[in-house]
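Asks: Spelled out from the first residue to the last, the chains are:
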Amino acid sequence: MMKQNQLHVHIIGSLLMLLQALMLVLCIVSLNDIPWWLKQLGHLHPVLLHLPIAFIFLLLPLSFIFKKDSDQERLFISYFLHYTALFATITALLGLLSASSNEYDPDILLKHKWLSISTALLSHLLIYIFQISHRKRSLWITAVSTTVTVMMVGSHFGGSLTHGEDYLNFDKEEKNTKAFMPLSDSTLIYQDLVQTVLINKCIECHNEKKMKGGLNLNSYASFQKGGKTGAAFAVGDPDQSLFIQRALLNIDDNKHMPPKGKMQLTQEELFLFKEWTKRNADTLLQFHQIDLKDTLHAILSKMVEVKSIENTAKVYPFSKAVDDNIQSLNSPFRRIMPVDINSPALVVKFYLKEKFSLQLLEECSPIAKQVIEINLSSMPADDAVFKHLSMFENLEKLNLNGTMISGKQLSSLKSNKHLSSIKLANTAVRANEIETLGTLPSLQSVYLWNSQVTSDEITLLQKKYSSIKWDIGYIPDEKELLKLTPPSTANAEKMILDPGELVQLKHPLPGAQIKYTTDGSVPDSSNGMIYTKPFNISGLTQINAIAVSDGWMSSNPSNFTYFLKGAKVDSAVLIHRPADRYKSNGSVALIDFNKGITTNLNLNWLGFRDETMKAGFYFSQPAVIKQAVLSIADNTYSYVFPPEKIIIKGGSNKSNLKVIGSFSPIQPKAQRNAGIIPITVQLIPGLYPFIEVEAINLQRLPPWHPGKKEKGWVFVDEVFFY
Amino acid sequence: MKMEQQEKEFRLNVTRRHFLTKAGLGMGGAALGGLLFKDQFIGAESQAAMQLGVAQFAPKAKRIIYLFQNGAPSQLETFDYKPLLNKMHGAELPASIRMGQRLTGMTSNQEKFPLVGSTFNFAQHGQSGAWVSELFPHMAAIVDDLCFIKTMHTEAINHDPALTFFQTGAQQGNRPSMGAWMSYGLGSENSNLPSYCVLLSRGRGNGQGVYSKLWTNGFLDSVHQGVVFSSGEDPVLYLNNPEGHDKQNRRDMLDMLAKFNAASFENIGDPEIKTRIQQYEMSYRMQSAVPELTDFSKESNSTIKLYGPDCLVPGTYAANCLLARKLSESGVRFVQLYHQGWDTHGNLEGDMRMQAEDVDRASAGLIKDLKQRGLLDETLIIWGGEFGRTNYCQGALTKDSYGRDHHPKCFSLWMAGGGTKPGTVYGETDEFGYNIVKDPVSVHDFHATVLHLMGINHEQLTYKHLGRRYRLTDIAGEVVQGVIA
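Chains as they are written, first to last, in my numbering: chain H, 19 to 740; chain R, 315 to 799.
These are computed hints drawn from the structure, not numbers from a lab.
Some hints could be false.
Unchecked claim - Listed below are the simulated BS3-like cross-link pairs for lysine-lysine, each with C-alpha atoms no more than 25 Å apart in a straight line: (1) R:K561 with H:K373; (2) H:K367 with R:K640; (3) H:K497 with R:K561; (4) R:K682 with H:K501; (5) H:K296 with H:K273; (6) R:K612 with H:K497.
Model the full structure from these sequences, guided by the hints.
Replies: Here it is, written out as structure tokens:
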């Protein structure tokens, strides 16, 4: 057995010597004219190189586990080393054969070549070192480590040759395909479109570091120069252009470009190449020079993504302002906002009159270039503002609505060459001052409502400078008469007044006059008193008022009911009980001067149905009483009606009473809107320490009511005595 | 033999140790895969959420004024002219048109569904030839500035879900309202005023309520809640300093309060505390900003005539329109008006006249006012209700009056300014005014379009709440290109 093994090793060893010698010879010989079949053989290099790399790496673990004393293991390792060296040498030989083409970066190639040859030599050396290092492990380990290192470095360079130097670059950025910039008139066909395609699909193998076929596509010059097979394109002749021919070959053809397995050119990209070559492969050709009817135009519009509405971003000739500047200038009174998140353009707006000063505008100089819109509306800016506006060279929109400018300095805006819109509503500018702006080249609209410019002057301006829109705004029709709103009172809710408290009527229109009556009649041009100042009332007063003013129609009348606080009632007592739901806070509700409201009968109202309303009122300091006023709720829809009769009795105490007044209110004849009705009952004048008031609810609702024949309700919230 | 058998068995036995080791290593391997490729296992993330506070792409509209007509105005009496209904007045609604559309509880007991033609006359106006009823002469005069959508449709058939749907993108649930989303996505232009204001007015017609759910911030920060301006004398209650306090006092107090709140925040970390601090600061600035806005005493005659004399009376629709213009001009991102009273189940003719009187002049005036100040291009104005009304009569059809019930399948809405296409009529309904024939626009589509005009991709304005990324358009919505200039 031993002999066979030794023979085996011997053969391998001999072959190895042969090949190594051959390898050394080939190193120094020029390899330019080797036969084609040898060249083809060299293509096996990338296949075979995996073996020596694997074997050499394996040496490391193997070294640590073999036992010095095991013969079998030593033999195995000996075999292993022989094969390693053999494969390394064959690989190196094949590599030498394939290194002849000038496809590769010569520097890297040189390094790879010599390191790999060294690897082959070292692996051969290892065979002998192993035999002598029987006792000296350290020598063995050193030798193996050296071989592994040399192999790693050498094969790294080899990898760089095929995959590019930065293949192992641990950069976070991933190389994505370059996107097309949106098409515009100035898009360059070669630089922006053709080159983008080349970068995405060809440059991986055809660049400065790696020039397959000798072709470098990084620049126009090297593109034109071409590579081994000749110039890449023929100016003006796509059919004769090599790069197009290669693309048009059958995909299975070896020479087809891009190679099978890589990203292929799309039909549109190929068309682009053809057309561009046809147009003399011109680097200066721009998109706008391509006729709309040209197929190339259609193809390019299809190829470069149709701009979605979101991408119609206006391109500005300036870059973003420094973020810190924007941050430091931003305040609640001077707001600086970008037009959108990607745009460099800025909008400046000012708020709060009292915080404004021209200095705020002046301080914007660090960002002056980026500002396209300034809004000073309602700010107390005067003519001095104009000298600060000239630094905003890219200003497009200027809002001076409601500012204090006079218009004399408007002509200084001529230095803002991009100004497209000026808003001068509510300012004192005049036609002759604004006219100078008519010559501004980019001006599109001027707003002049409520300025000193008349509509005739606007018409003239519009005729003269017809490309600009001169807006006069709304001018009211003198003949249109609108109706005024009815007058209101200072305190609408308050209906009960203390003695001496005055009634105040008002109307929001400046200069409007109020006419009013207290006798229940409706005021008009002939009837009624003119309101000049707040006035007194006595007892129950019902006021009707209208507003009048020149140039306006008189308003509809408004009416208000006021109750003066009458004689002081010390306490009240409920003789009949109200319905449980509508008992408010008992008898005191009648004298607490808290008025109820029509929409909520649960609050401040006392409601009676099964029993009539009957309450007694005590006066400790009786004064002469002449009338009683009951404040009644009226809501026919809810079965709440005025009482059919009110009977009032008075006397010195509860059991000593006689009738002093009665009244039967008029009942409604149809459903009507809810309201509160004051009902006055005249009394026999006298001093009454105790007064009893009874309001008899309708015992039978009228026939027109859906609840006819049922009892009605009576609701009272206050009783006044005068 | 037995030995071999035993050996085999031995080798086949998998011990617990063996199993646990191998299983553990296997799980570890899978976990390693999970660590390395984190995103693969988290589940499909939609496109990255947008950065807040600034538009994603150049917006056409910078601010919105939404004139919401609460109660649902009848499209057959406003902008959708259907002469066939007048011709077939009183005839029964054909089943082929109704196609089993559900009825509300109010009309489900009706035996007959007689078609009703509108009592109001329609005419075409402007260069766009848009049909507008005689009730809205002022709007008719400016049709060339308006973009009508006649084919809005919704799923809700009653007011609460429909309103909630329009404002929040879902029929139920406490989701943020449109204005809150705008405030969240774009922030405020003017930090001295809230970025979302709500103004309410009551019409004389049959009113439906509005509730604070409609301007809520939902699960967003409460900074984004709509601020209701009260319709009384004091639009923002408690804004002014009390007697004896001056601005400096107030400032000192706020500074001290901020210190306490900041300490509290450090302790507890509740983000609402920060919101509170911000709100106090804004209130302080509002003391300066608001009074000049709500002071109507200096309005020129021209302005009063533009909006109508109502505009001087706080709490009316016209006054709210004027205030809306002022707020918007001052940089408030979203101003929403609610005008109640359009719910014409009965007495339609009388109620529509009163409602139209309230809103016609003022709505048109608002547009003209913005236009003359050069602000119409950057302000989006929307006018519309929550659904439409039926072409058949609700209740008894008499000579003098009729009513219409709720109809979700088609209704009209108009937009103006802010990048919409002026002088446009988008969409077509059938001659019965019941179904949509061409170009439907759902509420989601409407939201998507509005967001788009404001420079936001509606799919990217999201907020993660309870594990789900919510957005205003929920799970649907396409931008309607036909209404964009």
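Asks: Now tell me if each hint is right for this structure.
Replies: Outcome of the hint check:
1. For the proposed pair K561 (chain R) and K373 (chain H), the alpha carbon gap of about 14 Å is at most 25 Å, so the pair holds.
2. Only pairs whose Cα atoms come within 25 Å are accepted, and K367 (chain H) paired with K640 (chain R) is accepted, the gap being roughly 15 Å.
3. Restraint check for K497 (chain H) and K561 (chain R): not satisfied, since their Cα atoms lie roughly 47 Å apart, outside the 25 Å limit.
4. With a CA separation close to 21 Å, the supplied pair K682 (chain R) and K501 (chain H) stays within the 25 Å bound.
5. For the given pair, K296 (chain H) sits about 23 Å from K273 (chain H) by alpha-carbon distance, which is consistent with the 25 Å threshold.
6. This hinted pair checks out: K612 (chain R) and K497 (chain H) have alpha carbons roughly 23 Å apart, not beyond 25 Å.
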